[in-house]
Amino acid sequence: MSRSYGRQPHELRAIQITFDGLARVDGSARFSFGPISALSSVSGPIEVRLASENASQATLEVLVRPLSNVPATEAKALAATVRGLLTPSLILASNPRTLVQIVAQALVSLGSGPGPKSANANAVTAAVVNASTLALLNAGSIPMRGVTCAVAVGRRKDTGALVVDPDEGDGVLDADGCFAFMFTRNGQDVQARCVWTNWKQSAGGESVLSEARELASRAAGNVYDAIHASVEVMGKAKPGAVFPVHKEDATVEEEVNDNDKMEI
Amino acid sequence: MRPPSPSIPEKDFLYTSLKESLRLDGRLPMELRTPTLTFGDDLGWVECSLGKTRVLAQVEGKMVKPPPERPYEGIITIHPEISPMASSEYEPGRPSDEEVTITRMLDKVLKRSDAVDKESLCILAGQRVWHIRLTLHFLAVAGNMLDCACLAGIVALKHFRRPDVEVIGDEVTVHEPTERAPIPLAIHHTPFCFTFAFFPDSTIPPVLDPSQLEQRLSAGLISIALNAQRELCVLQKLGGVPLEPDEVLKIVAIAVQKAKELNSIVDARLREDWEGRHVEVR
Numbered sequence: 008m009s010r011s012y013g014r015q016p017h018e019l020r021a022i023q024i025t026f027d028g029l030a031r032v033d034g035s036a037r038f039s040f041g042p043i044s045a046l047s048s049v050s051g052p053i054e055v056r057l058a059s060e061n062a063s064q065a066t067l068e069v070l071v072r073p074l075s076n077v078p079a080t081e082a083k084a085l086a087a088t089v090r091g092l093l094t095p096s097l098i099l100a101s102n103p104r105t106l107v108q109i110v111a112q113a114l115v116s117l118g119s120g121p122g123p124k125s126a127n128a129n130a131v132t133a134a135v136v137n138a139s140t141l142a143l144l145n146a147g148s149i150p151m152r153g154v155t156c157a158v159a160v161g162r163r164k165d166t167g168a169l170v171v172d173p174d175e176g177d178g179v180l181d182a183d184g185c186f187a188f189m190f191t192r193n194g195q196d197v198q199a200r201c202v203w204t205n206w207k208q209s210a211g212g213e214s215v216l217s218e219a220r221e222l223a224s225r226a227a228g229n230v231y232d233a234i235h236a237s238v239e240v241m242g243k244a245k246p247g248a249v250f251p252v253h254k255e256d257a258t259v260e261e262e263v264n265d266n267d268k269m270e271i
Numbered sequence: 003m004r005p006p007s008p009s010i011p012e013k014d015f016l017y018t019s020l021k022e023s024l025r026l027d028g029r030l031p032m033e034l035r036t037p038t039l040t041f042g043d044d045l046g047w048v049e050c051s052l053g054k055t056r057v058l059a060q061v062e063g064k065m066v067k068p069p070p071e072r073p074y075e076g077i078i079t080i081h082p083e084i085s086p087m088a089s090s091e092y093e094p095g096r097p098s099d100e101e102v103t104i105t106r107m108l109d110k111v112l113k114r115s116d117a118v119d120k121e122s123l124c125i126l127a128g129q130r131v132w133h134i135r136l137t138l139h140f141l142a143v144a145g146n147m148l149d150c151a152c153l154a155g156i157v158a159l160k161h162f163r164r165p166d167v168e169v170i171g172d173e174v175t176v177h178e179p180t181e182r183a184p185i186p187l188a189i190h191h192t193p194f195c196f197t198f199a200f201f202p203d204s205t206i207p208p209v210l211d212p213s214q215l216e217q218r219l220s221a222g223l224i225s226i227a228l229n230a231q232r233e234l235c236v237l238q239k240l241g242g243v244p245l246e247p248d249e250v251l252k253i254v255a256i257a258v259q260k261a262k263e264l265n266s267i268v269d270a271r272l273r274e275d276w277e278g279r280h281v282e283v284r
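The listed protein sequences correspond, in order, to chains A and B.
Counting in this note's numbering, the first sequence runs from 8 upward without gaps.
Counting in this note's numbering, the second sequence runs from 3 upward without gaps.
One thing to keep in mind: the hints can contain errors.
What the hints assert, rightly or not - The following label-pair restraints were derived from C-beta to C-beta distances: (1) A/Arg200 <-> B/Gln129: 50 to 58 Å; (2) B/Glu181 <-> A/Gly167: 28 to 36 Å; (3) A/Lys243 <-> B/Glu277: 27 to 35 Å; (4) A/Glu81 <-> B/Thr79: 46 to 54 Å; (5) B/Thr79 <-> A/Arg200: 25 to 33 Å; (6) A/Pro95 <-> B/Glu233: 55 to 63 Å; (7) B/His81 <-> A/Gly176: 30 to 38 Å; (8) B/Lys64 <-> A/Val215: 58 to 66 Å; (9) B/Lys239 <-> A/Asn76: 47 to 55 Å; (10) B/Trp276 <-> A/Gly167: 42 to 50 Å; (11) A/Asn76 <-> B/Leu237: 26 to 34 Å; (12) B/Tyr17 <-> A/Arg200: 50 to 58 Å; (13) B/Glu233 <-> A/His17: 57 to 65 Å.
Since the hints were derived computationally from the structure, they do not count as laboratory data.
Ideal Cβ placement from N, Cα and C applies to all residues, glycine included.
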């Protein structure tokens, strides 16, 4: 069973994280799984329209823009999904009567290239969620309970094996979905909690879902490590850091100012 | 939702410095910010930035049936998309005046100037033509998004390659990029747009490529689109401070010189990117 880039079933494609520093928003970040890339920006807390004002907490607005075409049903559905899964990790009650606006731009089109369209769609969903999390960390203006990371998982039709971050090299998938986990940290102890999934499978019982979730949880842990490492280099003039999947290989600059470190 | 207007000290400071031909970012009055072009993996994907202003352009093509009144020409559509990512003052779904101006100007510069040959996009007369769709996403707006958008648009069109199509009688065969190398669009000329800002005080000289603050405090903007062969495509001045004819001619002369420089930069970048791509010819 060979996968693209010579990957193992539990391995993700190379993660690339860039902090764009877009001029007119509070925080922005770009996240990619190999070629699947998403850019997200966060503005908040900012002034809110009277109609969407909430007296007890900040209003969270998520907009998703596809690469080509006007935002249609897919984009709006993705926006509603991302809004739902980011809400548990944000402490919105500390800024009532304000707006937190997250805009995510998909940098590849859904269903581009050969292979199943859904594989790409789940990878883009995961990239959008991770980019939004990074943008929120980059903005630093909205208090967060935890860090939400997402990965796509699929089950190959030819071998029946579960693989992480499937792409066209994995062929047709008979079960796939995206899992999102919220990571909270207490000192050195990191805990993950599944906050959302859109897993769908054509055959097999509930055990397939639990297996997939377990696999996704470990892969999401790798994403979390990459995000954690990237926060240390945020703000330094680095064009884009590529974070390999294994923690042992991660190369992070040693000259880190203790004042910049953030406990997440 | 409108952002607060520039404060009075900012206004005074800007006008005073401009009187002495000093710009806040250290540029000369007629100096363009250096454009940075980043190409993506897909052909026709380019991110252009002029300083902090950033625009992403993407071109894709598909085959459609042409309208009956123009059966021998392809279709080119331009879609500028501005979202609150560019700035929170842009609300989704409601085009502001600025956006409408930009849409119209892009239309004039890229479509009506016949930069791309539409007849070469015809596959089977009356039945199949190429529909080339250019989408522009404004990622960050820090003054002068029109120039950045025009640059990104024309570079993306030059970068794009469409699949090779073979027509035998009435049969149309579309070849995959792996079978036959995709071919570039037929581009007649490369138009570039240059925007100059004028200020209420006539002793202040005009500035090229205004930054966010300069654009907001300007009394009028004049945009000139031309190509490196000194052919003028569009000259747009929507209201603002009245200008003498000699001033306009001086500005056109400066734009001509800048167009030549920009053309060589764009060509160099495109060549560099193309050499980096692995194109196997069997």
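Subject >> Structure versus earlier hints, numbers of those that do not hold, lowest first >> reply: Of the numbered hints, 4, 5, 8 and 9 do not hold.
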